[in-house]
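Based on the sequences and whatever the hints tell you, model everything.
Protein chains: 2
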Amino acid sequence: MDKQQLHDCHNRIKPFIHNTPVLTSRLIDKISGAHLFFKCENFQRMGAFKMRGAANAIMQLTDKEKQNGVVTHSSGNFAQALSLSAQSLGVKAYIVMPSSAPNVKKEAVKGYGGMLIECEPNLKAREFASQQIVQKHGATFIHPSNDDQVILGQGTACKELLEAHPELDHVVTPVGGGGLIAGTALSALYYGKNCTTIGGEPMEVDDAFRSLKSGKIESNTTTNTIADGLKTQLGDRNFPIIQEHVEEIIRVEEEEIVSAMQIIWGRLKIVCEPSSAVALAAVLKAKEKFAGKKVGIIISGGNVDLGNLPF
Amino acid sequence: MDKQQLHDCHNRIKPFIHNTPVLTSRLIDKISGAHLFFKCENFQRMGAFKMRGAANAIMQLTDKEKQNGVVTHSSGNFAQALSLSAQSLGVKAYIVMPSSAPNVKKEAVKGYGGMLIECEPNLKAREFASQQIVQKHGATFIHPSNDDQVILGQGTACKELLEAHPELDHVVTPVGGGGLIAGTALSALYYGKNCTTIGGEPMEVDDAFRSLKSGKIESNTTTNTIADGLKTQLGDRNFPIIQEHVEEIIRVEEEEIVSAMQIIWGRLKIVCEPSSAVALAAVLKAKEKFAGKKVGIIISGGNVDLGNLPF
Numbered sequence: 001m002d003k004q005q006l007h008d009c010h011n012r013i014k015p016f017i018h019n020t021p022v023l024t025s026r027l028i029d030k031i032s033g034a035h036l037f038f039k040c041e042n043f044q045r046m047g048a049f050k051m052r053g054a055a056n057a058i059m060q061l062t063d064k065e066k067q068n069g070v071v072t073h074s075s076g077n078f079a080q081a082l083s084l085s086a087q088s089l090g091v092k093a094y095i096v097m098p099s100s101a102p103n104v105k106k107e108a109v110k111g112y113g114g115m116l117i118e119c120e121p122n123l124k125a126r127e128f129a130s131q132q133i134v135q136k137h138g139a140t141f142i143h144p145s146n147d148d149q150v151i152l153g154q155g156t157a158c159k160e161l162l163e164a165h166p167e168l169d170h171v172v173t174p175v176g177g178g179g180l181i182a183g184t185a186l187s188a189l190y191y192g193k194n195c196t197t198i199g200g201e202p203m204e205v206d207d208a209f210r211s212l213k214s215g216k217i218e219s220n221t222t223t224n225t226i227a228d229g230l231k232t233q234l235g236d237r238n239f240p241i242i243q244e245h246v247e248e249i250i251r252v253e254e255e256e257i258v259s260a261m262q263i264i265w266g267r268l269k270i271v272c273e274p275s276s277a278v279a280l281a282a283v284l285k286a287k288e289k290f291a292g293k294k295v296g297i298i299i300s301g302g303n304v305d306l307g308n309l310p311f
Numbered sequence: 001m002d003k004q005q006l007h008d009c010h011n012r013i014k015p016f017i018h019n020t021p022v023l024t025s026r027l028i029d030k031i032s033g034a035h036l037f038f039k040c041e042n043f044q045r046m047g048a049f050k051m052r053g054a055a056n057a058i059m060q061l062t063d064k065e066k067q068n069g070v071v072t073h074s075s076g077n078f079a080q081a082l083s084l085s086a087q088s089l090g091v092k093a094y095i096v097m098p099s100s101a102p103n104v105k106k107e108a109v110k111g112y113g114g115m116l117i118e119c120e121p122n123l124k125a126r127e128f129a130s131q132q133i134v135q136k137h138g139a140t141f142i143h144p145s146n147d148d149q150v151i152l153g154q155g156t157a158c159k160e161l162l163e164a165h166p167e168l169d170h171v172v173t174p175v176g177g178g179g180l181i182a183g184t185a186l187s188a189l190y191y192g193k194n195c196t197t198i199g200g201e202p203m204e205v206d207d208a209f210r211s212l213k214s215g216k217i218e219s220n221t222t223t224n225t226i227a228d229g230l231k232t233q234l235g236d237r238n239f240p241i242i243q244e245h246v247e248e249i250i251r252v253e254e255e256e257i258v259s260a261m262q263i264i265w266g267r268l269k270i271v272c273e274p275s276s277a278v279a280l281a282a283v284l285k286a287k288e289k290f291a292g293k294k295v296g297i298i299i300s301g302g303n304v305d306l307g308n309l310p311f
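Chains as they are written, first to last, in the UniProt record's numbering: chain A, 1 to 311; chain B, 1 to 311.
One or more hints might be untrue.
The list makes no distinction among identical chains, and a pair is therefore deemed to hold if it is satisfied within one copy or across any two copies.
Claimed, not checked - Pairs of lysine-lysine residues, derived as DSBU-like cross-links and limited to a Cα-Cα distance of at most 30 Å, are as follows: (1) Lys14 - Lys294; (2) Lys287 - Lys110; (3) Lys30 - Lys14; (4) Lys92 - Lys66; (5) Lys105 - Lys285; (6) Lys106 - Lys285; (7) Lys105 - Lys92; (8) Lys92 - Lys106; (9) Lys110 - Lys30; (10) Lys3 - Lys30; (11) Lys92 - Lys285; (12) Lys287 - Lys213; (13) Lys294 - Lys110; (14) Lys285 - Lys110; (15) Lys193 - Lys294; (16) Lys231 - Lys105; (17) Lys30 - Lys92; (18) Lys105 - Lys30; (19) Lys105 - Lys287; (20) Lys92 - Lys231.
These are computed hints drawn from the structure, not numbers from a lab.
All figures in this text were calculated on a predicted structure; none of them were measured in a lab.
The following block contains the structure:
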């Protein structure tokens, strides 16, 4: 994917997304020893960067495809993002979600106009249900992270960040399914001045770290992390980009994630998801690497259960 | 206090404060039936609007007075605001605080370079300790809310809000000691187009509501509210301004405050104090009054104990 594609993607989705604010904090700079620029995608529409990739993926469909709608399986932010993007674009969105998913997530999808299809809580059932909708309605399946158009869309957050702060030395993102970090790496490459992309990943689900080591896509046998957006594994579309353009993945412990989350909430005064805090946790873990550097941090989202906080 | 004074005050303090962002939310607009513009003073330096008044009050001192320092008694945001303003301006700040105040508040004052003086937890002891510092060091006492320069400073938040959104019909603020709402009323008068100022006040500490009824400053016999910044009473400097220029004070129940706080955290994705939520609670309580109107809401601060949330 080249610079022109990223440029076109950004122009295409601009009417449907916010150019989210960048926050700084003297106190967090003091704590980290670096100059940090927080790109606040928690303020994005529906509360997460996923809105960008979802909007772009739908907009790249043909008129015929748009008429038949889109389908995905997700119980996270992408379900809401695809629903809201589809609604904004006058397209039908079918969302396959395990029946065990929290009610609040089901309601959010419905609130954004998504058609909810419940299935048994396992991967096979989700894929089967999605496939049925593709066959029955001719809907286009859109993967939450392993899709070129989604990757491009997610990259526009870093593009905006670099347009506002062109001198960043590094950009750090959390790593889940790989769409955000792959898109970010492309933006850093095309719009940064020697700006490198670094990932933060929970030690408990360090599949991306291990994938970079082994050279093939690894998975997680357990997923005991508070960062519930980061349990997924990389895909064949984003992995090669990550291999080529991501400098390093820094792994962090659960208590480091909670501590970073407390710093963001307490000092930056914003509500972010545990997954978002993984990027700051990585910067605080590798202080010597980032000392004195200008570092962009993507705050990926703010959809969190306020009744179930880790502090 | 005239428009020129407010204008000069703003120019004076600009280097020491942030012009804080204004956030909007389609979802909260839907819930309220109005168009809401949240002026986010939780993003202000040290986390609250109090920074504005504190900076202005110190800057209006003579050089001789500045040399002798400033003193206040407060266990809230004004203690931190005076400490940080004084530090930024190279002035000594003495902060009298009851020994019973939470350690985190004492540490915050020290972190901003304030000289902490602990006293017995009653008003007499606080006033005595402050008076001693005035006598011993020649320091100038600065009241957290009942001081013309503080009132002008607090008014600059609404001035910035109206400069960004000149067409507001109403501005709503929480009412505590009266500095914020008095300053806001002056800004609405000088910079608004028929923009009226409205207060939100907890039913549990409705001294300002009763003061407007009776025509004299009333106090609270009990202070059982989660909005801990609003327990104080009006003063002789701000009360006349409030009498003349505040349209109405709307009282809200404790559960309405918590509910508004949840909406702000969950939908706006920002961390605010319970006191801040009182303004939105007032708008939601008087929906018919605000229906279809453009309403500014001052989010007064974001200093909250994350380990002790009401949800």
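Contradicted hints - numbers only | Result: hints 10, 11 break, sorted rising.
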